[in-house]
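Participant: Fit chain B to the given chain A structure using the hints.
2 protein chains.
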Amino acid sequence: MGSSEPTRILVAVSESTIKGYPHASISSTGAFDWTIEKIVRSNTSGFKLLFLHVQVPDEDGFDDMDSIYASPKDFRNVRHRDKVRGIHLLEYFVNKCHEIGIACESWIKKGDPKEVICREVQRIHPDLLVVGSRGLGPFQRVFVGTVSEFCVKHAECPVITIKRRADETPEDPVDD
Amino acid sequence: MGSSEPTRILVAVSESTIKGYPHASISSTGAFDWTIEKIVRSNTSGFKLLFLHVQVPDEDGFDDMDSIYASPKDFRNVRHRDKVRGIHLLEYFVNKCHEIGIACESWIKKGDPKEVICREVQRIHPDLLVVGSRGLGPFQRVFVGTVSEFCVKHAECPVITIKRRADETPEDPVDD
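Keeping their order, the protein sequence lines are chains A and B. Counting from 1, one number per residue, gives the positions in the first sequence under the UniProt record's numbering. Counting from 1, one number per residue, gives the positions in the second sequence under the UniProt record's numbering.
One chain only, chain A, in its complex shape (with noise of 0.2 Å):
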């Protein structure tokens, strides 16, 4: 009945892909909320979130297609500028936590989202994976990919994905 470690819960978050939206992504937000509704309730002690942020490295080619790099110290402003963000989105997470009184950790990697997430879940084995999904149609998961499909046929602990909810869906559902 609930040995007296904490369920370990790694909730994998992005930033939000809408431009001067500074924040998480809907999808994460969305897991987040519904981990918290659904699984922790009120007993905040008997779980501990975990949260991962992968970055991907070239993620704001879009954003940068016009800016000029001159010298060293602009490729180093980049990856200041990912570095804060990145760090931004960790800490709307741990701010919720620490209002709920629910333990959690949070850190960021670089890589090809899918594969960190799985490779994260070797090293950490958490007790489960909790996935956003767009919930994109098939023709649309051609183009964009779909890291919970990936996780839940590769991650080596149980993996809940999450659909985000259809009156959360931007105009673009690619968008998030």
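Just so you know, these hints were derived from the structure itself, not from any lab. Possibly wrong hints are sitting among the right ones.
Since the list gives no way to pick out one identical chain from another, each pair is judged satisfied if it fits inside one copy or across any two copies.
Taking lysine-lysine pairs in the DSS-like style, the calculated list, with each CA pair at most 30 Å apart, reads [stated by the list, open to error]:
#1 109 to 73
#2 48 to 153
#3 110 to 48
#4 110 to 163
#5 163 to 48
#6 153 to 109
#7 96 to 48
#8 83 to 109
These numbers come from a predicted model, not from an experiment.
Facilitator: Here is chain B on its own, set in the frame of chain A:
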């Protein structure tokens, strides 16, 4: 932080395929035990478990190869035996819940398990569906199909697949 309504978890359970083993399948008990240990923990009042057993109408075709059906009563006997087995299976899980002190409901449906499970999800709107899985490789999956993969794709609620532990896999991994 958890509404007053309990989180309703639908657990799809099946009978063991091992002859003379008149109990729940290894993957069903694994999925149940995991749900209690990792999700429900000590918060028994926060959850309600819903057990669904789907009976395949000709599931026992192999066992009955040598049977002779000579009268309508013979068919009634088979149906009666199926019913008794299904009830016995549900009794196992309901008794467990009773011991633990967690609310539950259980029922039997007939049909193709994967389709019936998804239809029941549409009907009763659980917060979460838990399905055990034998964790078969791609070659074995071709022949036996997997209920869990279908549910992950088609069920209209979050789904957790609990793979059977390696040390619980029977000699023939298709058995369960």
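Participant: Decide, hint by hint, whether the structure agrees.
Facilitator: Hint by hint, here is what the structure shows:
1. 109 to 73: within (22 Å within a copy, 66 Å between copies)
2. 48 to 153: Classified as both: same-chain Cα gap 24 Å, cross-chain 28 Å, threshold 30 Å.
3. 110 to 48: within (23 Å within a copy, 40 Å between copies)
4. 110 to 163: Answer is both; intra-copy 24 Å and inter-copy 29 Å each pass.
5. 163 to 48: both (22 Å within a copy, 22 Å between copies)
6. 153 to 109: both (21 Å within a copy, 28 Å between copies)
7. 96 to 48: Answer is both; intra-copy 13 Å and inter-copy 27 Å each pass.
8. 83 to 109: Classified as within: same-chain Cα gap 10 Å, cross-chain 53 Å, threshold 30 Å.
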